[in-house]
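**Q** Residue numbers (the working numbering), protein chains in the order written: chain A, 428 to 771; chain B, 49 to 371.
These are calculated hints, taken from the structure and not from any lab test.
Please note that the accuracy of each hint is not assured.
Far from chain B, by Cβ distances over 10 Å, these chain A residues were calculated [said to hold, decoys possible]:
{"hint": "1", "residue": "SER462"}
{"hint": "2", "residue": "VAL487"}
{"hint": "3", "residue": "PRO490"}
{"hint": "4", "residue": "GLY497"}
{"hint": "5", "residue": "HIS500"}
{"hint": "6", "residue": "LEU501"}
{"hint": "7", "residue": "ARG515"}
{"hint": "8", "residue": "ILE696"}
{"hint": "9", "residue": "GLY700"}
{"hint": "10", "residue": "SER701"}
{"hint": "11", "residue": "PRO703"}
{"hint": "12", "residue": "LEU709"}
{"hint": "13", "residue": "GLY711"}
{"hint": "14", "residue": "ASN737"}
{"hint": "15", "residue": "ASP750"}
{"hint": "16", "residue": "ALA753"}
As a list, the in silico SDA-like pairs of lysine to any residue whose alpha-carbon atoms are at most 25 Å apart [to be verified]:
{"hint": "17", "chain 1": "A", "residue 1": "LYS537", "chain 2": "B", "residue 2": "PHE52"}
{"hint": "18", "chain 1": "A", "residue 1": "LYS516", "chain 2": "A", "residue 2": "ALA560"}
{"hint": "19", "chain 1": "A", "residue 1": "LYS516", "chain 2": "A", "residue 2": "GLY492"}
{"hint": "20", "chain 1": "A", "residue 1": "LYS555", "chain 2": "B", "residue 2": "ARG281"}
{"hint": "21", "chain 1": "A", "residue 1": "LYS537", "chain 2": "B", "residue 2": "THR299"}
{"hint": "22", "chain 1": "A", "residue 1": "LYS559", "chain 2": "B", "residue 2": "LEU363"}
{"hint": "23", "chain 1": "A", "residue 1": "LYS559", "chain 2": "B", "residue 2": "TYR285"}
{"hint": "24", "chain 1": "A", "residue 1": "LYS537", "chain 2": "B", "residue 2": "ILE356"}
{"hint": "25", "chain 1": "B", "residue 1": "LYS175", "chain 2": "B", "residue 2": "LEU148"}
{"hint": "26", "chain 1": "B", "residue 1": "LYS118", "chain 2": "B", "residue 2": "PHE103"}
{"hint": "27", "chain 1": "A", "residue 1": "LYS602", "chain 2": "A", "residue 2": "ALA463"}
{"hint": "28", "chain 1": "A", "residue 1": "LYS516", "chain 2": "B", "residue 2": "PRO321"}
{"hint": "29", "chain 1": "A", "residue 1": "LYS508", "chain 2": "B", "residue 2": "ARG171"}
{"hint": "30", "chain 1": "B", "residue 1": "LYS118", "chain 2": "B", "residue 2": "GLY132"}
{"hint": "31", "chain 1": "A", "residue 1": "LYS508", "chain 2": "B", "residue 2": "ASP280"}
{"hint": "32", "chain 1": "A", "residue 1": "LYS516", "chain 2": "B", "residue 2": "ILE167"}
{"hint": "33", "chain 1": "A", "residue 1": "LYS537", "chain 2": "B", "residue 2": "ILE368"}
{"hint": "34", "chain 1": "A", "residue 1": "LYS537", "chain 2": "B", "residue 2": "PHE210"}
{"hint": "35", "chain 1": "A", "residue 1": "LYS537", "chain 2": "B", "residue 2": "GLU267"}
{"hint": "36", "chain 1": "A", "residue 1": "LYS508", "chain 2": "A", "residue 2": "THR460"}
{"hint": "37", "chain 1": "A", "residue 1": "LYS708", "chain 2": "A", "residue 2": "GLY727"}
{"hint": "38", "chain 1": "A", "residue 1": "LYS537", "chain 2": "B", "residue 2": "LEU256"}
{"hint": "39", "chain 1": "A", "residue 1": "LYS537", "chain 2": "B", "residue 2": "LEU294"}
{"hint": "40", "chain 1": "A", "residue 1": "LYS482", "chain 2": "B", "residue 2": "GLU267"}
Predicted model, so just to flag it, every value in this text is computed and none were measured.
Just so you know, even glycine gets a beta-carbon here, dropped at the ideal spot from N, CA and C.
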Amino acid sequence: MSDTTSVIDVRNLDVVYHTANGPAKALFNIDMTISAGERIGLVGESGCGKSTLLKTIMGVLPPNGEVTCGAIHLGSTDLLKLSEDARRKTRWAEISMITQSALNALNPVKRIDAQIIEAVRAHREISKADGKALVAKLFEMVGVSPERAHDYPHQFSGGMRQRAVIAMALALEPKVIIADEPTTALDVIVQDQIFTRLRALQIERGFSMILVTHDIALVVENCGRICVMYAGMIVETGETHDIVRRPRHPYTIGLLNAVSVLGSTKEPIAIPGSPPNLFDKLEGCRFAPRCPLASALCHGQVPPATPLDNGHSVRCHHWEQADEFARRASDPNVWGTAVQSETT
Amino acid sequence: MSAFWFRRLWQTVLTLLTMLTLMFFMFRMLPGDPMATVISPALYPKAQETLRIQFGLDKPLWEQYFVYLKNLAVFDFGLSFHTGRPVADEISGRLLNTILLVFPSMIAAYGLGALVGAIVGWRRGSKIETVLVFLSTSLQSAPVFWLSMLAILFFSIRLDLFPIGHIVSPGMFPEENWRMYFSADFLHHLALPFMVNTLYQFCFPFLLMRSSILATVGEDYIELAKMKGLTDRRVLYHHAMRNSLLPLATTLPMTLGWAVAGSVVIETVFSWPGLGLLMVEAVGRSDYPVVQAAFLLIAVLTVAGTLIADLLYTLLDPRIVNE
Numbered sequence: 428m429s430d431t432t433s434v435i436d437v438r439n440l441d442v443v444y445h446t447a448n449g450p451a452k453a454l455f456n457i458d459m460t461i462s463a464g465e466r467i468g469l470v471g472e473s474g475c476g477k478s479t480l481l482k483t484i485m486g487v488l489p490p491n492g493e494v495t496c497g498a499i500h501l502g503s504t505d506l507l508k509l510s511e512d513a514r515r516k517t518r519w520a521e522i523s524m525i526t527q528s529a530l531n532a533l534n535p536v537k538r539i540d541a542q543i544i545e546a547v548r549a550h551r552e553i554s555k556a557d558g559k560a561l562v563a564k565l566f567e568m569v570g571v572s573p574e575r576a577h578d579y580p581h582q583f584s585g586g587m588r589q590r591a592v593i594a595m596a597l598a599l600e601p602k603v604i605i606a607d608e609p610t611t612a613l614d615v616i617v618q619d620q621i622f623t624r625l626r627a628l629q630i631e632r633g634f635s636m637i638l639v640t641h642d643i644a645l646v647v648e649n650c651g652r653i654c655v656m657y658a659g660m661i662v663e664t665g666e667t668h669d670i671v672r673r674p675r676h677p678y679t680i681g682l683l684n685a686v687s688v689l690g691s692t693k694e695p696i697a698i699p700g701s702p703p704n705l706f707d708k709l710e711g712c713r714f715a716p717r718c719p720l721a722s723a724l725c726h727g728q729v730p731p732a733t734p735l736d737n738g739h740s741v742r743c744h745h746w747e748q749a750d751e752f753a754r755r756a757s758d759p760n761v762w763g764t765a766v767q768s769e770t771t
Numbered sequence: 049m050s051a052f053w054f055r056r057l058w059q060t061v062l063t064l065l066t067m068l069t070l071m072f073f074m075f076r077m078l079p080g081d082p083m084a085t086v087i088s089p090a091l092y093p094k095a096q097e098t099l100r101i102q103f104g105l106d107k108p109l110w111e112q113y114f115v116y117l118k119n120l121a122v123f124d125f126g127l128s129f130h131t132g133r134p135v136a137d138e139i140s141g142r143l144l145n146t147i148l149l150v151f152p153s154m155i156a157a158y159g160l161g162a163l164v165g166a167i168v169g170w171r172r173g174s175k176i177e178t179v180l181v182f183l184s185t186s187l188q189s190a191p192v193f194w195l196s197m198l199a200i201l202f203f204s205i206r207l208d209l210f211p212i213g214h215i216v217s218p219g220m221f222p223e224e225n226w227r228m229y230f231s232a233d234f235l236h237h238l239a240l241p242f243m244v245n246t247l248y249q250f251c252f253p254f255l256l257m258r259s260s261i262l263a264t265v266g267e268d269y270i271e272l273a274k275m276k277g278l279t280d281r282r283v284l285y286h287h288a289m290r291n292s293l294l295p296l297a298t299t300l301p302m303t304l305g306w307a308v309a310g311s312v313v314i315e316t317v318f319s320w321p322g323l324g325l326l327m328v329e330a331v332g333r334s335d336y337p338v339v340q341a342a343f344l345l346i347a348v349l350t351v352a353g354t355l356i357a358d359l360l361y362t363l364l365d366p367r368i369v370n371e
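Using the sequences and the hints, build the whole thing.
**A** Dropping the structure here:
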């Protein structure tokens with residue numbers, strides 16, 4: 428991966444939320460590169476910082492969120508160094524977003540076509556007729572009848588609303604589209620239809636896509652590369668098939684273990700325990716309290732990102748034991764003892 | 049949709065009818081004889097009896113009730129006991145005075161309250177917010193008559209900026225015709241009660257809009273609007289405020305009835321010859337036909353306001369139509 432093809436380059440990013448209970452260290456030392464035309468998956472459980480990372484990239488962190496260090500390069504400009512107005516102009520034009528709940532993402536009292544044209548108007552002049560034609564074209568691309576464009580959001584079904592949001596995301600032909608759990612609220616059939624459409628559009632239009640989800644199966648199906656996030660850190664990243672075949676981080680192994688496979692008699696195994704409290708003073712590896720491989724080293728020192736072959740990178744002191752651990756990880760007792768030894 | 053409006057209209061008619069009936073019987077159940085002010089007990093019993101028959105008071109109550117309804121249908125509210133003029137004439141001029149005082153200040157208060165509430169809610173946690181919230185909660189709990197008296201004391205007596213009361217300077221318009229309302233003198237008299245009423249009415253929409261905005265700020269569509277690259281102002285005015293306006297737009301018409309009724313206090317303090325002052329005077333003089341008509345008017349305004357609120361809601365929120 429050379430720098431010339433990278434569209435977004437996140438370097439050493441730290442984000443802190445200032446709250447009444449003190450600072451919460453939401454993101455720590457995030458490195459992430461998105462290349463032109465690739466589909467990359469960002470996986471992690473709820474509260475691991477996925478949304479914070481997206482909001483930081485989009486520049487819509489809540490007022491109590493602060494970027495304490497790092498850079499987000501879009502091409503050669505550092506987004507974090509731009510003025511608010513310059514930053515605003517990059518939104519949607521360069522990076523757009525397909526939001527988590529399309530149900531609430533559309534303003535209920537405005538017509539859908541008006542909401543799409545509004546996004547275009549924020550960046551360039553467009554005549555009424557051109558706007559109408561654009562919306563019709565976009566609706567055709569996402570597979571909704573253009574006649575429905577003048578409807579209100581509540582007149583759309585969940586799937587249609589999601590398609591409308593996708594149409595909106597495509598409106599300015601951005602370089603990157605972030606899809607934040609785009610199909611969580613939809614049934615699997617609609618989910619599949621939407622992803623098929625999204626993949627086709629991505630290949631046709633050539634934008635890069637970040638798919639954010641807690642569903643690792645969805646990423647495996649749709650993305651060439653995976654970033655696994657845990658408690659505000661990217662613990663492992665690499666080509667999807669490398670990670671699925673040979674995960675190097677105990678957390679990734681646990682995540683893959685927790686997926687139920689159709690036709691398999693194997694029970695999915697959940698990782699016991701819960702992610703650390705981000706208000707605590709976090710020392711060492713953040714996964715250590717739940718990790719069966721954890722040693723004194725893990726509790727004391729943050730593991731560095733270790734580069735392996737083929738762009739694979741892992742943050743674990745004991746990644747070399749991963750193969751051996753992966754073999755016994757399907758035994759629930761392996762995980763149980765880790766948590767027990769931690770509590771006693 | 050039309051079925052909804054048909055039902056809604058029918059409900060309104062029913063409400064009004066109930067109110068009419070209640071009011072009619074309530075006044076007749078009051079202790080004391082209202083006719084005592086008109087038919088002097090000092091008259092010969094024969095003369096008293098003749099007068100009673102003239103007023104139709106010898107008829108049974110239910111018959112009087114239907115006569116009352118029949119008269120209402122042609123806007124005949126009877127004669128004032130005090131002046132002997134038709135109640136409708138008595139009230140209409142006074143109602144205009146009240147409307148000229150109350151409506152502009154309500155519109156100013158709601159417009160200002162919505163705007164300031166929205167901006168303050170949008171910039172959550174500012175010093176101005178703390179101050180304004182404190183001030184408006186205090187103002188809202190302060191009695192209006194006290195506020196009015198303070199205003200008169202300070203602006204009229206101490207600074208001598210405004211007259212202390214009345215609608216125009218005495219003797220300026222002996223005819224009391226329409227010319228009065230177009231004079232600078234009228235505006236000069238209107239200014240102080242208008243400001244006091246605006247200030248007092250400002251608190252409720254301000255606080256409502258602020259909390260409404262606070263609830264809207266966290267919505268996903270606000271975040272999406274920001275991500276679309278819209279300017280902060282556009283997000284505030286076209287998305288956050290537009291949606292937060294719903295509760296406000298529907299309370300405004302509903303409060304109109306109360307506002308007219310509530311102007312009693314302010315009109316009394318400022319000697320503003322409006323409906324409120326008329327009611328106070330009429331009650332004092334036991335002028336029942338006037339009181340009854342005034343009460344009815346306020347009731348009609350309130351019910352009509354509720355109907356307008358419903359209508360506004362369907363216009364402002366496209367989701368409502370389906371119900």
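**Q** With reference to the structure, classify each hint as holding or not holding.
**A** Against the structure, the hints:
With 10 Å as the threshold on Cβ separation, the claim that SER462(A) sits away from chain B holds: the shortest Cβ distance comes to roughly 22 Å. Residue placement check: VAL487(A) does not keep its beta carbon more than 10 Å from all beta carbons of chain B (closest about 5 Å). Residue-level check failed: PRO490(A) sits 8 Å from the nearest beta carbon of chain B, not beyond 10 Å. For GLY497(A), the non-interface assignment is confirmed: its Cβ lies about 20 Å from the closest Cβ of chain B, beyond the 10 Å cut-off.
Listed as a non-interface residue, HIS500(A) keeps its Cβ farther than 10 Å from every Cβ of chain B; the least gap is roughly 19 Å. In this structure LEU501(A) is separated from chain B by more than 10 Å, as the shortest Cβ-Cβ distance comes to about 14 Å. At the 10 Å boundary, the C-beta of ARG515(A) falls inside the reach of chain B, the nearest C-beta of that chain being 5 Å off. Consistency note on ILE696(A): stated as away from chain B, and its beta-carbon is indeed over 10 Å from all of that chain's, at 34 Å minimum.
At the 10 Å boundary, the C-beta of GLY700(A) stays outside the reach of chain B, the nearest C-beta of that chain being 30 Å off. At the 10 Å boundary, the C-beta of SER701(A) stays outside the reach of chain B, the nearest C-beta of that chain being 25 Å off. Annotated as non-interface, PRO703(A) keeps its C-beta farther than 10 Å from every C-beta of chain B; the closest such distance is 26 Å. Separation of LEU709(A) from chain B is adequate, the least Cβ-Cβ distance of about 28 Å exceeding the 10 Å criterion.
At roughly 34 Å from the closest C-beta of chain B, the C-beta of GLY711(A) stays outside 10 Å, upholding its exclusion from the interface. Every beta carbon of chain B lies more than 10 Å from that of ASN737(A), the smallest distance being close to 34 Å; the non-interface claim holds. Every C-beta of chain B lies more than 10 Å from that of ASP750(A), the closest at about 42 Å, which supports listing it as non-interface. The beta carbon of ALA753(A) is kept farther than 10 Å from every beta carbon of chain B, the shortest such distance being approximately 39 Å.
The suggested pairing of LYS537(A) with PHE52(B) holds, with an alpha-carbon distance near 23 Å, which does not exceed 25 Å. Pair hint LYS516(A) plus ALA560(A) holds up; C-alpha atoms about 23 Å apart against a cutoff of 25 Å. This hinted pair checks out: LYS516(A) and GLY492(A) have alpha carbons roughly 21 Å apart, not beyond 25 Å. For the hint linking LYS555(A) to ARG281(B), the alpha-carbon distance of about 23 Å falls within 25 Å, and the restraint holds.
A hinted pair counts as satisfied when its Cα atoms are at most 25 Å apart, and LYS537(A) with THR299(B) qualifies at roughly 22 Å. Note on LYS559(A) and LEU363(B): the hinted pairing holds, with a Cα-Cα distance of about 24 Å set against a maximum of 25 Å. Using a Cα cut-off of 25 Å, the hinted pair LYS559(A) and TYR285(B) holds, with the two alpha carbons roughly 24 Å apart. Straight-line distance between C-alpha atoms of LYS537(A) and ILE356(B) comes to about 22 Å, which keeps the hinted pair within the 25 Å bound.
Between LYS175(B) and LEU148(B), the direct Cα distance comes to roughly 36 Å. Violation of the 25 Å bound is thereby established for this hinted pair. For the given pair, LYS118(B) sits about 15 Å from PHE103(B) by alpha-carbon distance, which is consistent with the 25 Å threshold. Under the criterion of a C-alpha separation no larger than 25 Å, the hint pairing LYS602(A) with ALA463(A) is consistent with the structure, at around 8 Å. Straight-line distance between C-alpha atoms of LYS516(A) and PRO321(B) comes to about 58 Å, which puts the hinted pair past the 25 Å bound.
The hinted pair formed by LYS508(A) and ARG171(B) meets the criterion: a straight-line CA distance of about 23 Å does not exceed 25 Å. Of the pairs offered as hints, the one joining LYS118(B) and GLY132(B) holds, with about 21 Å between alpha carbons and a cut-off of 25 Å not exceeded. Taking the CA atoms of LYS508(A) and ASP280(B), the gap is about 19 Å. The hint holds against a cut of 25 Å. The straight-line distance between the Cα atoms of LYS516(A) and ILE167(B) is roughly 23 Å, inside the 25 Å bound, and the hint therefore holds.
The straight-line distance between the Cα atoms of LYS537(A) and ILE368(B) is roughly 13 Å, inside the 25 Å bound, and the hint therefore holds. A distance of roughly 46 Å separates the Cα atoms of LYS537(A) and PHE210(B); the hinted pair therefore is violated under the 25 Å criterion. Distance check on the hinted pair: LYS537(A) and GLU267(B) sit about 15 Å apart at the alpha-carbon level, within 25 Å; holds. Only pairs whose Cα atoms come within 25 Å are accepted, and LYS508(A) paired with THR460(A) is accepted, the gap being roughly 18 Å.
Annotation: proposed proximity of LYS708(A) to GLY727(A) holds, straight-line Cα distance about 12 Å (limit 25 Å). Between the alpha carbons of LYS537(A) and LEU256(B) the distance comes to roughly 22 Å, so the proposed pair stays at or under 25 Å and holds. The suggested pairing of LYS537(A) with LEU294(B) holds, with an alpha-carbon distance near 13 Å, which does not exceed 25 Å. Straight-line distance between C-alpha atoms of LYS482(A) and GLU267(B) comes to about 15 Å, which keeps the hinted pair within the 25 Å bound.
Violated hints, listed in ascending order, are 2, 3, 7, 25, 28 and 34; each of the other numbered hints is respected by the structure.
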